[in-house]
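S.K.: One line per chain: the protein sequences are A and B, in this order.
The numbering used here numbers the first residue of the first sequence as 1 and each following residue consecutively.
The numbering used here numbers the first residue of the second sequence as 1 and each following residue consecutively.
You may find that some hints are simply not true.
List time: in silico DSS-like cross-link candidates among lysine-lysine, alpha-carbon distance up to 30 Å [stated by the list, open to error]: (1) A:239 to A:137; (2) B:298 to A:89; (3) B:137 to B:286; (4) B:178 to B:250; (5) A:298 to B:178; (6) B:300 to A:104; (7) A:286 to B:239; (8) B:298 to A:104; (9) A:89 to B:137; (10) A:137 to A:276; (11) B:250 to B:239; (12) B:97 to A:298; (13) B:298 to A:178; (14) A:104 to A:33; (15) A:276 to A:298; (16) A:300 to B:97; (17) B:69 to B:104; (18) A:97 to B:286; (19) B:104 to B:210; (20) A:97 to B:298; (21) A:300 to B:137; (22) B:178 to A:250; (23) A:8 to A:89.
Just so you know, these hints were derived from the structure itself, not from any lab.
Given next are the chains, with one letter for each unit.
2 protein chains.
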Amino acid sequence: MNAQPILKPYVIGLDLGGTNSVFGIVDSRGDIKATTAIKTQSYQNVEDYVNASIDALQIIIDQVGGIDKIKAMGIGAPNANYYSGCIEKAPNLVWGKGIVPLAKMFSDRLGIPVAMTNDANAAAIGEMTYGVARGMKNFIVITLGTGVGSGIVINGQLVYGSDGMAGELGHVTMVRGKEGRLCGCGRTGCLEAYCSATGVARTAREILSKSEEPSLLRELNPEEITSLDVSIAAGKGDKIANEIFEFTGKMLGEACCDFAAFCSPEAFIFFGGLVKAGDLIMNPIKNAYNAHVQNIFKGKAQFLISGLDGASAAVLGASAIGWDIQ
Amino acid sequence: MNAQPILKPYVIGLDLGGTNSVFGIVDSRGDIKATTAIKTQSYQNVEDYVNASIDALQIIIDQVGGIDKIKAMGIGAPNANYYSGCIEKAPNLVWGKGIVPLAKMFSDRLGIPVAMTNDANAAAIGEMTYGVARGMKNFIVITLGTGVGSGIVINGQLVYGSDGMAGELGHVTMVRGKEGRLCGCGRTGCLEAYCSATGVARTAREILSKSEEPSLLRELNPEEITSLDVSIAAGKGDKIANEIFEFTGKMLGEACCDFAAFCSPEAFIFFGGLVKAGDLIMNPIKNAYNAHVQNIFKGKAQFLISGLDGASAAVLGASAIGWDIQ
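Let the hints inform the model, and build the full structure from the sequences given.
M.R.: Listed below in structure tokens is the structure:
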């Protein structure tokens, strides 16, 4: 007996960001066969956005042999509800401030199943499908970017919660009361307020202003310091830069202790610009975790860096949702 | 066609506590048909404990028609690992300080399947089987007793994590740094250090010592104040007692905000002595939650009190694990 040929060997992934919408056609091994993009915000309403998307997509669909070769489409998007397939009140999307049934709109136009979730959940499915979480049943992906996001997998299933919106670990409270930093969500003390790109930049300014210690970072405009700048300085042994990573890693490591109390994952997987610093940030995370975690969890969880290629990771993650549709 | 008769209509539940071990034989509606108990700590080794258990059980097994009527046994016990069926390093059990394969020992003696988990996980399965969580797929049970425990259900499955030990929400950190109260786990600032029975008593002493406000609680020995005392005083409008519940409820409500960020449950279900105070404690929990939770989760979760009868709840919870064995 021969194995059945895979009649539909590809899925479409859409990484829908505030600025760009990047499309990729991906095979089951995570190879991107064709890619295209449009500007997300060039369209005032969602109908125009979908029309432009379909026009762009049609070209790459034809390149891989037509829509019959494609099993499904997955979308990673802000404020995406997996259950309803809607974008719900996305503050950063011109056409996404209401309830937008984007999955159904694409499905109607393409004639294939379409599912949608937020970018961090997409990253988690991506790691499970193509990345370092292959074979794992219990793990947490933490995305460190403009915000801090998370995708949680328990018993081999992504956690969507009762409403499709679960996995907002960037918004657990790390500093309670008045000392907590204001977060983009309007509350104070969230993990995101400390460990997002802007959080790290703020930590840099605070630490620089509190000491006279010489630092390469003092050569930069304090308002424009990025985690890449901190990373480069830390790599050169800059004391202040390493202090910034110590502070950031302590927040992340201690947050992971609470996450372990919740679901005792076999791995925490970090994704995003910050972890390009490698051990400079991963060691402070691990050290804070080991110093603080409950005895019963000590030494059990791995701390890993995403196995997905940075440039195409978001598209790969989105595409993986397509394979996941039953 | 007639429905198949239920050939094995009962399960055995064992609530294994530090002092007493209570056994019950339970039907599928949660009616306890027979019950017995032994002293947990009267036995120096686990073989003697199991022998005494079997002797006591045999009498009630005979009462319901013999072992052929019994499908399985569930055990709720401290430091129980669901995957291995072992009690692991239980500090409060004379014969449980090593790794004790208790599920297998009972299974070998009774000839039926036996599964074991901790008491809070048992409570969660109990609520899903017989209590207020019937029909729910995503909820968290928080047990407030000598300690603070939790059982988490996601997608209709109890969360055991990668090692069988997940769901330790009593040990998320609520107060970071040096101000955190010392917890029984050896760390500081845990939810349990504030919301367990001893935590509430400590809060009572702290609040009483900080003010001159008259209070019924001043008539008691400060070292012996219980949550029941606080509850009685609060019910009479005692200002200090209500302040104690406000403080405790704020801790629990704010902790639930972080839990919502994790898995967005449809309900938080509270179990234990403290919630006998009803609205006096539940309202502060709900108010703190509503004031602090992320906008996307506002108004979604219910706050419920356990639907299991207090006296037999632990045995019912343990028995429910028996129905859950595949």
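S.K.: State for each hint whether it applies.
M.R.: Going down the list of hints, with the structure as the test:
no., hint, in the structure
1, A:239 to A:137, "violated (39 Å)"
2, B:298 to A:89, "holds (14 Å)"
3, B:137 to B:286, "holds (21 Å)"
4, B:178 to B:250, "holds (20 Å)"
5, A:298 to B:178, "holds (22 Å)"
6, B:300 to A:104, "holds (25 Å)"
7, A:286 to B:239, "violated (45 Å)"
8, B:298 to A:104, "holds (26 Å)"
9, A:89 to B:137, "holds (26 Å)"
10, A:137 to A:276, "holds (26 Å)"
11, B:250 to B:239, "holds (16 Å)"
12, B:97 to A:298, "holds (18 Å)"
13, B:298 to A:178, "holds (22 Å)"
14, A:104 to A:33, "holds (25 Å)"
15, A:276 to A:298, "holds (26 Å)"
16, A:300 to B:97, "holds (20 Å)"
17, B:69 to B:104, "holds (20 Å)"
18, A:97 to B:286, "holds (29 Å)"
19, B:104 to B:210, "violated (53 Å)"
20, A:97 to B:298, "holds (18 Å)"
21, A:300 to B:137, "holds (28 Å)"
22, B:178 to A:250, "holds (15 Å)"
23, A:8 to A:89, "violated (34 Å)"
In this structure, the earlier hints numbered 1, 7, 19 and 23 are contradicted, and the remaining ones agree with it.
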